[in-house]
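As given, the protein sequences belong to chains R and P, one line each in that order. For what it's worth, numbering that gives the first Met the number 0 labels the leading residue of the first sequence as 0, then goes sequentially. For what it's worth, numbering that gives the first Met the number 0 labels the leading residue of the second sequence as 0, then goes sequentially.
These aren't lab readings, by the way, just hints derived from the structure by calculation. Heads up, some of the hints might be wrong.
[Unchecked claim] The calculated DSS-like cross-link candidates involving lysine-lysine, where the alpha carbons are at most 25 angstroms apart (straight line), are:
hint	chain 1	residue 1	chain 2	residue 2
1	R	K119	P	K114
2	R	K189	R	K53
3	R	K145	R	K200
4	R	K119	P	K23
5	R	K200	R	K189
6	R	K97	P	K118
7	P	K118	R	K120
Here the structure is a predicted model, which means the values were calculated and not measured.
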Amino acid sequence: MSDSRTRGLLRGTALATVLTLGLIVTVTGCSRQPEASGNGATTSQRAGPGGPFKLVDTQGRTVTNETLKGKPYAIFFGFTRCPDVCPTTMARMELLRKRLGTEADKMNVVFVSVDPEHDKKEDIASFLSMFDAPVIGLTGDPAELKRMEKSFKIYVERVPLPNGDYTIDHTARILLFDRDGQFVDTMDAKEPEAQAVTRLKRLIDA
Amino acid sequence: MTYRIALALVATLATPALAQDVRKGSLTISQPWSRATSPRATVGAGFLTIRNAGARGDRLISATSPRAERVEIHTMSMDGGVMRMRQLVDGLAVPAGGTATLAPSGNHIMLIGLKSPLKAGERVPATLRFARAGTVTVQFAIGGAGDAAPAGQNGGRK
Numbered sequence: 000m001s002d003s004r005t006r007g008l009l010r011g012t013a014l015a016t017v018l019t020l021g022l023i024v025t026v027t028g029c030s031r032q033p034e035a036s037g038n039g040a041t042t043s044q045r046a047g048p049g050g051p052f053k054l055v056d057t058q059g060r061t062v063t064n065e066t067l068k069g070k071p072y073a074i075f076f077g078f079t080r081c082p083d084v085c086p087t088t089m090a091r092m093e094l095l096r097k098r099l100g101t102e103a104d105k106m107n108v109v110f111v112s113v114d115p116e117h118d119k120k121e122d123i124a125s126f127l128s129m130f131d132a133p134v135i136g137l138t139g140d141p142a143e144l145k146r147m148e149k150s151f152k153i154y155v156e157r158v159p160l161p162n163g164d165y166t167i168d169h170t171a172r173i174l175l176f177d178r179d180g181q182f183v184d185t186m187d188a189k190e191p192e193a194q195a196v197t198r199l200k201r202l203i204d205a
Numbered sequence: 000m001t002y003r004i005a006l007a008l009v010a011t012l013a014t015p016a017l018a019q020d021v022r023k024g025s026l027t028i029s030q031p032w033s034r035a036t037s038p039r040a041t042v043g044a045g046f047l048t049i050r051n052a053g054a055r056g057d058r059l060i061s062a063t064s065p066r067a068e069r070v071e072i073h074t075m076s077m078d079g080g081v082m083r084m085r086q087l088v089d090g091l092a093v094p095a096g097g098t099a100t101l102a103p104s105g106n107h108i109m110l111i112g113l114k115s116p117l118k119a120g121e122r123v124p125a126t127l128r129f130a131r132a133g134t135v136t137v138q139f140a141i142g143g144a145g146d147a148a149p150a151g152q153n154g155g156r157k
């Protein structure tokens, strides 16, 4: 009895701590914004994921962290032969975009393939064509992808399958970046829909 | 009375999930479904539920499909935000009096080397081989590309 009360109290304290930290992050986030509009802010000083990258989209156009600036974006790392979490996450983004209505075009959705060995531009375009959402599909030089996965803190490991083929273990969280290309938060595809929409609206309005 | 029977009959006919149930021995396989795949896709995942009403355990050991070069039984797990997929080389146990569930974010039938893309609305046959019950052919109902649940069930995409 008293044990469960202690646990409850601890949970309460932990929650308060999380809320306080959240508030601090929000406040510092706000105060940082004016500085970020200048060119003095360097991403390497920040602990969060993100950093410079240079990849190509499904039409062969170069896409970098700089070209994405101007609109906030949700970025997801996956591969086209991933049968479950990748298509459901893309479907999730499609649904969230529908819920955002006209606001949806004020942000970008980005899919980065972690399987350059198999996923060519055509494979990514084909995979993304299954979803009724304009997703920027990216691939590129394997070494550049590795660098990006590292700076974006995305775990990627190629795992051989007994049949001689391979699969890829990978971080399946959606990362949210603001219009200045600064990391804001992660998003889980299973997060309650209303909450996810609210967070995306906040990202768009920020 | 007759009215009630008619009503029950209508209810049965109106429930596609029941129509998809396949029985073999003490096993009942229900709601096999899968997702539409893109024109260049080489793999697809199939889901279903296997109930074992018998007193002895069984095991799904392999599967085949005329639509795929190879069919495997896989498991998927999420650990600290990282997705991991592995082949279940020994198959999947269906405990006596229990259920084996193949569903999104977990175990699934992996169709490898698709001979043609899976199209929403079609049914794709697959034959499951069990250690005790033998072979059972099911028809995967193909839903949308990113569906989280079989069509018509709460949690589906549309």
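Here is what the structure says about each hint:
| no. | hint | verdict |
| --- | --- | --- |
| 1 | K119/R / K114/P | holds (20 angstroms) |
| 2 | K189/R / K53/R | violated (30 angstroms) |
| 3 | K145/R / K200/R | violated (31 angstroms) |
| 4 | K119/R / K23/P | violated (43 angstroms) |
| 5 | K200/R / K189/R | holds (18 angstroms) |
| 6 | K97/R / K118/P | holds (23 angstroms) |
| 7 | K118/P / K120/R | holds (22 angstroms) |
Checked against the numbered hints given earlier, the structure breaks hints 2, 3 and 4 and satisfies all the rest.
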